[in-house]
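In order, the protein sequence lines correspond to chains B and A. The first sequence runs 1 to 242 under the UniProt record's numbering. The second sequence runs 1 to 51 under the UniProt record's numbering.
There may be inaccurate statements among the hints.
[Stated by the list, open to error] Pairwise CB distance ranges (calculated):
#1 B:71 to A:40: 34 to 40 Å
#2 A:31 to B:230: 19 to 25 Å
#3 A:36 to B:108: 19 to 25 Å
#4 A:10 to B:71: 43 to 49 Å
#5 A:10 to B:32: 15 to 21 Å
#6 B:37 to A:22: 46 to 52 Å
#7 A:22 to B:239: 54 to 60 Å
#8 B:226 to A:10: 37 to 43 Å
#9 A:10 to B:224: 38 to 44 Å
Keep in mind the hints are simulated off the structure, nothing from the lab. Don't be surprised by glycine CBs; every beta carbon is placed ideally from N, CA and C.
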Amino acid sequence: MSRNAKLKRGVGITALVMIALTFWLGLYVTPPAEVMGNLVRMLYIHPPMAWIAYLAYGITTAASLLYLWKRTRRREWDLIAAASAEAGVFFTGLTILTGSIWGRPAWGVWWTWDALLTSTAVLFLLYLGYLALRQVPMSETKRGVRSAIAALVAFIDVPIVHESVYWWKTLHQTPSVLNPSLNVEVHGSMAWTLLLGFVAFTMAYVWMVWTRYETSKRQAELADLEVERAIRERLSVEEVSL
Amino acid sequence: MNPYVEAGYTAVSCSLGGYAIFLGVRSRQVRLRLAQLRASAQRADGSLEDA
């Protein structure tokens, strides 16, 4: 096994152990909250999901910018952007799902057209569109440029999602951790468990993007080899017919 | 335990596990296909050299 593969496996196993530890602490060790009771346990999984979605779209934007700039244009940036966007869509989906499960007992509804929820749904759809755009048959460079531009446009929604709780009157509370004053409103074992959740899911994100990127790179190589093989077969058929 | 909390943790576990399995299987499929193609390309190069 190569050093790279060993390192990736290490990241995967560490993520798995840390997530298991977060779940155990979140479900059995941390105390219930005074007002929310056991429902507070959703706190250890929901905000980390939202954080990973922001991180993933940030990485997609950075990689897209590097791809768009001709001096740094490389296939790798395009593939990293795509891998990160896919993970971002996955975590945005989980953010909406866990938020909805939390919203039912807390607000009495599974879904409401609240500013934060709506802008998050739009974010999910924008990046789904980005992934769909990548499936449209066209040359590699054209696809890379078009999807990079789409990624930059889609990223405009990220600050809107984050700031929506301040700009509009929403049902959703303001962030307990990622707030402008960086005043963490969680303490003790709850804070440590939440922090562990952030690190654990970030590790899982790294493993996902790494695996997806490697697969995409191999798929691109596979496509190149298949073209070469098709040309070789065509040439041999022409030689036989001559 | 609160049933909503149980549902939330179950959903996250299943989704993460499912996506990780999907990524692993897809990666393995592509790796095997690439190895096959590389081997056949080498064989074709070898037969050309022999000719």
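TODO: Mind checking the hinted window 19 to 25 Å against the Cβ distance between residue 36 of chain A and residue 108 of chain B?
DONE: Violated, at about 56 Å.
- [ ] May I ask you to test the hint 15 to 21 Å on the CB atoms belonging to residue 10 of chain A and residue 32 of chain B?
- [x] 19 Å, holds
Task: Whether the CB-CB distance between residue 31 of chain A and residue 230 of chain B falls inside 19 to 25 Å - done: At roughly 21 Å between Cβ atoms, residue 230 of chain B and residue 31 of chain A fall inside 19 to 25 Å, so the hint holds.
Open item on the list: Please check whether residue 22 of chain A and residue 239 of chain B have a Cβ separation lying inside 54 to 60 Å.
Closed with: 43 Å, violated
- [ ] Please test the hint of 38 to 44 Å on the beta carbon pair from residue 10 of chain A and residue 224 of chain B.
- [x] Roughly 42 Å apart at Cβ, these two residues keep to the hinted range, so it holds.
Task: Cβ distance range 43 to 49 Å for residue 10 of chain A and residue 71 of chain B, holds or violated - done: This hint holds: roughly 48 Å between Cβ atoms.
Task: Satisfaction of the hinted span 34 to 40 Å by the C-beta atoms belonging to residue 71 of chain B and residue 40 of chain A - done: 37 Å, holds
TODO: Take a look at whether the Cβ-Cβ distance between residue 226 of chain B and residue 10 of chain A falls inside 37 to 43 Å.
DONE: 41 Å, holds
TODO: Given the range 46 to 52 Å, decide if the beta-carbon distance of residue 37 of chain B to residue 22 of chain A lies inside it.
DONE: 35 Å, violated
The structure fails to meet hints 3, 6 and 7 from the earlier list, while all remaining hints are met.
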